[in-house]
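> Protein sequence lines, in the order shown, are assigned to chains A and B. 67 is the number that this note's numbering gives to position 67 of the first sequence; each next residue is one higher, with no gaps. 269 is the number that this note's numbering gives to position 269 of the second sequence; each next residue is one higher, with no gaps.
Hints in this document: simulated from the structure, not taken from any laboratory. All values derive from a computational prediction rather than experimental measurement. Just so you know, even glycine gets a beta-carbon here, dropped at the ideal spot from N, CA and C.
Residues of chain A clear of chain B, computed beta-carbon distances all greater than 10 Å:
#, residue
1, Glu59
2, Asn151
3, Leu183
4, Tyr222
5, Gly235
6, Ala253
7, Ser257
8, Asn258
9, Pro265
10, Glu294
11, Glu330
12, Ser348
Taking lysine-lysine pairs in the PhoX-like style, the calculated list, with each CA pair at most 25 Å apart, reads:
#, chain 1, residue 1, chain 2, residue 2
13, A, Lys119, A, Lys101
14, A, Lys340, A, Lys255
15, B, Lys122, B, Lys223
16, A, Lys119, A, Lys184
17, A, Lys73, B, Lys223
18, A, Lys101, B, Lys223
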Amino acid sequence: MASVELKGVRKSFGRVEVLHGVDISIRDGEFVVLVGPSGCGKTTLLRMLAGLEEITSGEVRIGERLVNNVPPKARDIAMVFQNYALYPHMTVFDNMAFSMKLAGRSRDEMRQRVDVAAKILGLTDYLDRFPRQLSGGQRQRVAMGRAIVRNPQVFLFDEPLSNLDAKLRVQMRTEIKELHLRLKTTSVYVTHDQIEAMTMADTIVVMNGGNVEQIGSPLELYDNPANLFVAGFIGSPAMNFLPGRFAPGNSAAVKLSNGSELPAPSCREADGRDVTLGVRPEHFAINATGVPAEVVVVEPTGADTQVYCRLSDTEVTVVSRERHMFKPGEMIRLQPMPQKTYLFDPASGRRLA
Amino acid sequence: MSPPHTQVMTGTAPPVGALSPLGRLFENRHFLGLLFMLPAGVLLLLFLTYPLGLGVFLGFTDAKVGRPGEWIGTENYEFLVTDSVFRLSVWNTFLYTAIASIAKFGLGLWLALLLNEHIPFKAYIRAIVLLPFIVPTVLSAIAFWWIYDAQFGIVSWMFQRLGLIHSYIDFLGQPVLARMSVIIANVWRGVPFIAISLLAGLQTISPSLYEAAAIDGATSFQKFWNVTLPMLSPIIAVVMTFSVLFTFTDFQLIWVLTRGGPINATHLMATLSFQRAIPGGALGEGAAIATAMIPFLLAAILFSYFGLQRRRWQQGTKD
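One chain only, chain A, in its complex shape:
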């Protein structure tokens, strides 16, 4: 196990720079999730960590050792690929033992280490099968087994669950998390799914357009997003953003285009300026004193009800634990919960308060 340190890491493909200086430090044994939309550079970053992509500039250290020019096999890492990359012509056993075979280990050692990994992953009965004879979830486990038998310093996961169906994804999510708690190997996990990130990570790195937007624990990012992007990316359904003008005073408010005023956190910097007010769907109360909004669609999910409504020309989503039976077109009143609103600068996206 080892810590991982990225310092000013940049990557260019030809003349196009896709990573603009990334700094991340990962503690020994930490489970870090790199999350961001497609094309944000998260997979490229992971592949640079694995040694599959060259590092244009900056430093990558695994356990204090500078690995910029170290080939993948010498980095003591293991990677789980999005498509699993199992060798189709090898049995599960041979897939898992391949690295040991290349390293010239004895048959006994191979057998013993594969057995241990297979037991952890529940693959003992499948060791003689070929990848094609396995289900998606089983293949996924073989891919992890191949990583486990190597007992590496760092596990790298490249969207390992994106090829599974929704139910299996949730199950494997838990399994990977349990595995990490058990093995305590430093892990870097790439996903575009913020729920995966929230549920699995010790630390989340939110990336966008080749930059790190924010690094923090899941709840830190949820409670204190640094900017509009993180606020909109973390949390499901996404945070509502309402454009308006900041009205200072004893009880600060944001005045929307239709004249409604929503309470806002106080902020000197925002005085008299256009701002974006952020309110999470679960932080709206439906009561008699709020601002009026028109119901568009009501989606009951059982546990809670999602109400889509129009508030001053902006679509907002409200999640309520109560079962509302609103009709489309009905007017309701929404009130943001106190201390649960955010102010952003609409131009830069920076959080103001």
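For this one, chain A is given, so just place chain B on it according to the hints.
Same frame as chain A, now just chain B:
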């Protein structure tokens, strides 16, 4: 065949009683199936089965050009077994096929691996590689004839200019050299087919397998041995079967370059069959030689049939 299909047919068709007998016939799936297969069947019968059957039949007769001939049983074959020229041609054919196929496979695989790398002007180079395959065999054979020529051959000229030899080499005039020369010409012509086919196979191998192997600690050769070769083996089996069949039955190149000479050193079964049958006039004997190729070709086909059966790792219940 499948019950649901039949149901659809009867479900959408008007009631059977409303149709004339002919109309009913055209609603019959079995009749329609036969009808649609008929043109292809006629073509196959006319242009494949009939000539093949006639050839086998002629092999049992003493037909000459312009004379129908009589049934003589296995006399042709009995003669051929003792005929040293025929036996030499069988040996030549095996030698030619074995050496040319191995060389074509080696060079083709090597070329395919090179073309699979990132190289500038990749598309153009791939197109150029196909050239020998596109040029009509007779044309390329004539070009090689010229290259090997004892007086004007460019190879001899080059070697002499380089100071390697003092007199021109008669490539097609000496048995060993002639054999080498026709094999080289055949390899030159056959490599593109194999290279392009294997290249297509190489491109279906997921790059992530190589990345996984790199992380697992494989060297370039280990990646080739443990990933490329096994993944390519199904297509290698197909391509090499075709290559062996084409090479075994090769005629054009030899006929243009050497006509089987010198001293029958390059006579293959195909060229000998033609020579005995048409210029020599012994249709029956030529047909017997051609027929004698069939068991060898069948063996090659059977070999590939079993070799081509899906490997266990390719089978599976789910995707």
